[in-house]
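Peer 1: Chains as they are written, first to last, in our numbering: chain X, 3 to 348; chain S, 3 to 348; chain R, 3 to 348; chain Z, 3 to 348.
It should be emphasised that the hints constitute simulated quantities derived from the structure, not laboratory data. Given the structure is predicted, the values throughout are model-derived calculations rather than measurements. Fair warning: there could be bad hints in the mix.
Identical copies carry no separate label here, and so any pair may be met within one copy or between two of them.
To be verified - SDA-like mimics (lysine to any residue), calculated; alpha carbons at most 25 Å apart, straight line: (1) LYS117 with GLY235; (2) LYS232 with GLU100; (3) LYS257 with ASP204; (4) LYS117 with LEU47; (5) LYS232 with ALA307.
4 protein chains.
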Amino acid sequence: MRAMVYHGPGQKAWEEVPDPRIIDDADAIVRVDAVTICGTDLHILKGDVPAVTDGRILGHEAVGTVVEVGAGVRRLRPGDRVLVSCISACGTCRYCREGHYGQCLSGGGWILGHKVNGTQADYVRVPFADNSAYPVPGGVPDEEILMLADILPTSYEVGVLNGNVRPGDVVAIVGAGPIGLPAITGARLFSPGHVVAVDLADTRLEAAQEFGADITVNNSREDPLAVISKLTGGLGADVTIEAVGVPATFELAVKLARPGGRIANIGVHGAPATLHLEEQWIRNITITTGLVDAYSTPTLMQLVASRQVDARKFITHHFSLGDFTEAYDVFNRAADTGALKVVLTR
Amino acid sequence: MRAMVYHGPGQKAWEEVPDPRIIDDADAIVRVDAVTICGTDLHILKGDVPAVTDGRILGHEAVGTVVEVGAGVRRLRPGDRVLVSCISACGTCRYCREGHYGQCLSGGGWILGHKVNGTQADYVRVPFADNSAYPVPGGVPDEEILMLADILPTSYEVGVLNGNVRPGDVVAIVGAGPIGLPAITGARLFSPGHVVAVDLADTRLEAAQEFGADITVNNSREDPLAVISKLTGGLGADVTIEAVGVPATFELAVKLARPGGRIANIGVHGAPATLHLEEQWIRNITITTGLVDAYSTPTLMQLVASRQVDARKFITHHFSLGDFTEAYDVFNRAADTGALKVVLTR
Amino acid sequence: MRAMVYHGPGQKAWEEVPDPRIIDDADAIVRVDAVTICGTDLHILKGDVPAVTDGRILGHEAVGTVVEVGAGVRRLRPGDRVLVSCISACGTCRYCREGHYGQCLSGGGWILGHKVNGTQADYVRVPFADNSAYPVPGGVPDEEILMLADILPTSYEVGVLNGNVRPGDVVAIVGAGPIGLPAITGARLFSPGHVVAVDLADTRLEAAQEFGADITVNNSREDPLAVISKLTGGLGADVTIEAVGVPATFELAVKLARPGGRIANIGVHGAPATLHLEEQWIRNITITTGLVDAYSTPTLMQLVASRQVDARKFITHHFSLGDFTEAYDVFNRAADTGALKVVLTR
Amino acid sequence: MRAMVYHGPGQKAWEEVPDPRIIDDADAIVRVDAVTICGTDLHILKGDVPAVTDGRILGHEAVGTVVEVGAGVRRLRPGDRVLVSCISACGTCRYCREGHYGQCLSGGGWILGHKVNGTQADYVRVPFADNSAYPVPGGVPDEEILMLADILPTSYEVGVLNGNVRPGDVVAIVGAGPIGLPAITGARLFSPGHVVAVDLADTRLEAAQEFGADITVNNSREDPLAVISKLTGGLGADVTIEAVGVPATFELAVKLARPGGRIANIGVHGAPATLHLEEQWIRNITITTGLVDAYSTPTLMQLVASRQVDARKFITHHFSLGDFTEAYDVFNRAADTGALKVVLTR
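Produce the entire structure from the sequences given, and follow the hints as far as they go.
Peer 2: This is how it looks when you write it as structure tokens:
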């Protein structure tokens, strides 16, 4: 089969590789019908994720068709259309029993395209298939379901639910990119009073408005603290969601929260941040971090199926699998191309 | 009357001052029968709290007898024995309506011995008396109830409840001083599996054992991470409580928590800390900070009255009001004197 | 002034009475600018509420203008436009400290038009004014704010929040009248997957659709259990909300819930119901009851002000205060007149 | 092997039967080292549980040694000592993903000694072994761990956690038998202010005192409502736990709760109860029901291992497996024999 293979920092190739095989009773082999590229894949290609070694097939998001299942697989059958989630789950360890699949202690968590071969290929082996692939309801196109493999549950669980967005809240979202925009979508499910998007790029802020932000702040020109302060009688935001992953945006997210507010970090950070405890110790804040667990995937699938979440809005470009190299290029140059999510189909 | 008056950094005096008077309908005047000194008072005396100005009577903890009430006071009558809490509450603002009295927007919060005259005196004016002074059940000595003015609700709310201690949890408490020790008491109310106390002083760790820590770690000699790691199969503590207030102890508290763990900061910090988001973004942690609200005071009063919490253990020294200067000296030299809480009575 | 006075079962009159006066420091006198009639008022007129005695002015909902305040009132000033809530709160008792104002132990709770004179008059005395009347944001008409005096917080707190409606949930609302319809509005704030309205009257079910129910069941013709069962793969509704107040509808609400489901009773009941524990003991259900507390009033006010809740939809008829008797007649004959909420203005 | 086999109402025999075999990849075969009898087994023998048919081996509680595992079993190996829980869990259905194993949709839930052969035998086949049998920590005797198969998690989850017992609470437990007594143990983990046990038998009330009830009420002689009312200033209990399973005790449990209180039903009911909604609609109560899920088993195992829960206290009689018929007789005549839990060992 063909696959997008990592060959060390800066090196990748869409090339012929052996087909995957069942190696564990709980495995399923899935034919990839639709697949996308994640910002994390770009990090891997820079060499930032040492666990990914030469020869690994990339990708942790797909929608496809089951072609074979191991003897221990109960819920899936060949021919089933499934979502392959970025999170695999053994289903029996302490963390999986609590729904914290991302922290699986028995070989699950984020493994596809990371510790085992991934989804950017004609076929993929899905370990722990019963708890890692989700049957797809009829009538919803592959490409919409594909948005549930990573960006929607990540922004919903780690941003919106950890931040405990409530009706009437003022929610500030720092960063209006591929994670911040679905965080706006997720926050809107709880009818906040205002969603304030903060970013440095006007194009992203325009997108934020389309996704449901009613106030936008370009913090290259305007002070978001002043905007939030005016909006809240000087108190600050009820919830802030960090969706970038650098110290400055985290520190801004903390600063924008009101006393008693919640700061939900989604961003993937590569460096420590400064926490101003000399100001914050007295302000009753709650800060959360997290890798997605994908416990919300079935709920989000219902919301997409019933059109309460419009997953199409995240997709900016379409390719066929054979044009994978071009798709990476377009996604990599997002600032120029306006790429949000690119979808590749068979 | 006599009072302990602040006269600028390093300057205080037990001196004659005018008696307090009712100046608002919601005020009560309380005769101070028992009073104590807080670590915060020592900070004030160093000049660290600029809101405290020359002439301010110190102190935010007392048990006493109501001698006069304003026309708007409903729950208190002259002759009532009451706890004067460190937190005053208007009872009607947004934060008070949610029980977040410490964040009161209408002139409450921590004001006694801070923004208005305090309790280290023969008499004290208690603003918003109905929501700031608590009738005391019969049969419990003043000095035990006095522990409910600050240290018990602070460690219980900001440490134990924010940290969400649950039966079977491994709880690490960083700092075994006047806040860490009641945090051990509070944590024990939820039947944790282990309470691990971490401190640099063996005398404090011995105290921690008496208060219910079953494991102690002197981190001048031993690595607390290794101890916790061994105890938890490499995972980390379910809950860590920071009870010191310097960057190193906060950073240790974060490091000791397991994936999915909670870090409850009680310490009063004067400097920023480093938050290692490059490690923690993926670990699903929750960090909380907070000033006490005193919403738990009635519950804790019941627990003290029923002897489920033994408040006597916190008291190491007794003085009469006339010996206030000596009491400050003993409390200030806690490392030498072993002072935990000193009680002054009429 | 003029007022609607109760004179025993079946007897009421819009008549001249003395103006109200401040009798407690915490009182405010409010000029009534807009007032409405509640189903509870009809119950009172039938003689079903013995605490209401001859001579009592009826009504527990109003929007008006403060004309005088007691010496202890802090938040309100003459000239302020305020919502007079159906719930009064002392603000200091155990229940008020927990936000359970409806259960106030010190003379609050539902008292207006019940234990003290009410709002169906030119002026009303509002006890505990600081915690019982809410300043109204500019730009929102009186009649919309008036919907926040009872029906919106009641259906939101006792139905939607007690029922813990979550995104994607199937919510069944039994009864599409003056409480069931705002429960639909409230449930929609949390983006449920489906809202199923059940009623015996087609006109009410049509209204339910306008308020956001996507499925309606006339249970004089159709079996709601079959509808819900089909919709949920045989499981049952995630949340059911009882909004009628008779045994049959409560029992239906219990039956419609899935294992693990929540049943939130809003209805005012006059007779016991049968709880089929022989079926339900094993099904992990949660049943809640409640009188409104009005803790959500500030949040709902924001949502009305920002047009996320359209309060105008509840208002079917307008009258002037002088036509109070006619307004009662129209409201009493709701089945014929289609009255949902009638508004009387100065 | 030998097994206790059901042969229709009133008929059972300890007899020779074929050894169990692995029939599914997820099965384990466990040698039974310690087993007990449940009140539910007595119900089955009366013919009250029609799903149990002639030939079924009884029993849903055991501690034993794994002798064989299916190819899909990951966590268990032959030789492992395990607790066999009364609840089996597929681990992948909607309910299992939420930790509601008792409601498993794919063939789990309470199946042992019910829908498949049970534990009262020399060997038992354990379906879904990874999520249904729990490795036992060293150093804790089999018979203590055995108490975790049913009574401890049932009373803890369905009584104490559903009832949300909190420090300082007044907890009323209606019924001091094999489920009520461990509910006292479980409630004590949260440091309630008072635990009031209500029963008709003085011997049970004496046992209740030993398990930690500080107040006992024999409701054949004394009115529990009067006792609770006096204890709570007329309000009622914060939490009541029903541990009997007849209408009268459920109705008493509802009556004893304060406004805002929680009523947690553990009892297995065979008849409907009357819910006095005409009194309770206004009192903000929460009623819960439930079958155990066993999600708390690992936590409780730690608490037993660390001696914070003393499981030995539940065991009144010891037998060898060969004396199974006598053990049933003693357990069946509990009123005479004082039997609480009987343990049979190899």
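Peer 1: Work down the list of hints and note, for each, if the structure agrees.
Peer 2: Now the hints, each set against the structure:
In this assembly of identical chains, the alpha carbons of LYS117 and GLY235 lie at most 25 Å apart only when taken from different copies (23 Å versus 49 Å within one copy). Proximity of LYS232 and GLU100 under a CA criterion of 25 Å is satisfied inter-copy only: 22 Å between copies versus 41 Å inside one chain copy. Only within a single protomer do LYS257 and ASP204 lie at most 25 Å apart by alpha-carbon distance; the minimum there is 22 Å, versus 38 Å between protomers. For the homomeric pair LYS117 and LEU47, the shortest alpha-carbon distance inside one copy (15 Å) is at most 25 Å, but the shortest distance between copies (54 Å) is not.
Taking CA atoms no more than 25 Å apart as the test, LYS232 paired with ALA307 passes between copies only; the shortest distance there is 17 Å, against 38 Å inside one copy.
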